[in-house]
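Novice: Could you put together the complete structure from these sequences and hints?
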Amino acid sequence: MRFMVIVKANKDSEAGALPDRKILTEMGKFNDELVKAGVMLAAEGLHASSKGARVKFSGGKTTVIDGPFTESKELVAGFWLWQVKSKEEAIEWLKRSPFDNTEVEIRQVFEADDFGPAFTPELRAQEERLRAEVAARK
Amino acid sequence: MAVEATEIHRAIDAVWRIESPKLIAGLARIVRDIGIAEDLAHDALVAALEQWPKGGVPDKPGAWLMATAKHRAIDHVRRRQMLERKQAELGYEIETDARAAAVDLDAALDEEVGDDLLRLMFTACHPVLSTDARVALTLRLLGGMTTDEIARAFLVPESTIAQRIVRAKRTLADKQVPFEVPRGADRAARVSSMLEVIYLVFNEGYTATAGDDWMRPGLCEDALRLGRILAELAPLESDVHGLVALMEIQASRSRARVGLSGEPVVLLEQNRAQWDHLLIRRGLAALARAEKLGGPRGPYVIQASIAACHARARTAEETDWPQIARLYAELAASVPSPVVELNRAVADGMAYGPQAGLDRLDALVAEPSLQTYHHLPSVRGDLLVKLGRFDEARLEFERAASLTRNARERDLLLERARACGA
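Heads up: the protein sequence lines correspond to chains A and B, in order. Going by the working numbering, 120 is the number at position 120 of the first sequence; the sequence numbering is gapless. So the working numbering is basically just the index in the second sequence, starting at one, shifted up by 1000.
Please note that the accuracy of each hint is not assured.
List of simulated lysine-lysine pairs, DSBU-like, C-alpha gap at most 30 Å [as the list claims (entries may be wrong)]:
1. K36/A with K1060/B
2. K29/A with K1060/B
3. K8/A with K95/A
4. K11/A with K29/A
5. K1086/B with K29/A
6. K1292/B with K36/A
7. K8/A with K87/A
8. K95/A with K1060/B
9. K56/A with K29/A
10. K1054/B with K95/A
11. K36/A with K87/A
12. K87/A with K1054/B
13. K36/A with K8/A
14. K56/A with K8/A
15. K11/A with K95/A
16. K56/A with K11/A
17. K36/A with K56/A
18. K87/A with K29/A
19. K87/A with K1060/B
20. K8/A with K29/A
21. K22/A with K51/A
22. K1086/B with K1175/B
23. K22/A with K36/A
24. K22/A with K1060/B
25. K8/A with K1060/B
26. K36/A with K95/A
Computed from the model, here is a short list of chain A residues facing chain B with C-beta under 7 Å [stated by the list, open to error]:
27. K36
28. S86
29. P98
From chain B, some residues computed to sit far from chain A (all C-beta separations above 12 Å) [unchecked claim]:
30. I1018
31. P1061
32. G1144
Simulated from the structure, these hints should not be mistaken for laboratory data. Cβ atoms here follow ideal geometry from the backbone N, Cα and C, with glycine treated the same way.
Specialist: So this is what it looks like as structure tokens:
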């Protein structure tokens, strides 16, 4: 199963400051361990929200709001995708990370199996349509 | 309390999965016997199961387990030395002593366990063992899987796997298989053996040979993980990256190759939007890594190149069939086999027309090893349909259906037979 590990933004990341060399070295070592264990699928860091935007959808209209956004604790600064056997394994790996004074979130990624026999919402909808058509013909 | 106990046990399971391969590998270097190393590691796990529920999981659980196992390993080395001294009747110096072993163990605690892990993988995949035994031992020692998990993955009783592992460890000890990374002439064959084991696990998950399900994705993930680990342990072996590339690209199609009612969907009819583009990207990156190493292209690199041709085509019509046909010719020259010829016939059929495919295929019809292989009549049926020879095609599909052991695939083949008309 896959987990997304979501790293939250803070004042520094929002200010566009790169982490110091020590953190980068420690993080590099940790990433290396994840790769060597065959756990790491992807790792990406995000630019400050000042380089991003939000698009609001309301009543069929869209409104674009440019960054930066203020509530930095709710903002995402980066993420990993890990392949592990259980949530506990993801937690154990995360405990080995060099983070301090922050909160990191672990979320399970949906897999095809989670949808049962209809593998994607799109296919499920398709199947429902087919069923309706068959029923209508009876 | 009961809930907490379960939680901590799950945490211990997770720690075990992460740490046990390194632990066993480090210990095996000291005691020179992976069976004993595993027993020692297991004793440390039992100690953790006793102590951690009371005091919580330690900050560095791997170091804790290693320190615990280390004491037991030193005891073991001392006892063995006593025995050896008695047997040798003080005839010669014994080169290692318990103190040296302790130093070694401290070194093993460090991060550089890569070589030990590689030794462990080579040993678990040693050709002295049967393929089944290699698979079970590799999943257990390198995959950190329990006997029960392996048994469930392969749909066999737990006692079967347990016996297989016990026997494998005994064979390694009896035959005095050294705990080492092979060098020289032996190495290529030994690497092939590891790749074969990993790909076998992957294929068992990708096209289940038994049972009602078409795929068992858990096994694919286990194989991918082992492959990715091996790629880091042996980064200069291009075919290791080739295998990883092949598995990543094949796994990228998992979602698309199962239909609404669980039936298989063949490659060219898959909805490519459902392919996992993260895995495709990883696969292409692994293939690039293999190609960068240069040298003659191994069988997995060639197969990965074929898979990459499909992965790069945005639609089935865009597939570069002449290139795939060329790659199959290369594969046939590298590892000639009837199965490769069969796939080559498919590629030729697509690249140069169904008659070209059929010509190549008909040279294989008498091949004894393919007599019970359902893909042969299935491919032949497909080519005959394209040539408008429906009566012959129907018989081929029916024959293929009678040969497959997979229930889902059988349904699909019978469906194709019916579509050819009576």
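Novice: For this structure, which hints from the list above don't hold up?
Specialist: 5, 9, 17, 29, 30, 31, 32
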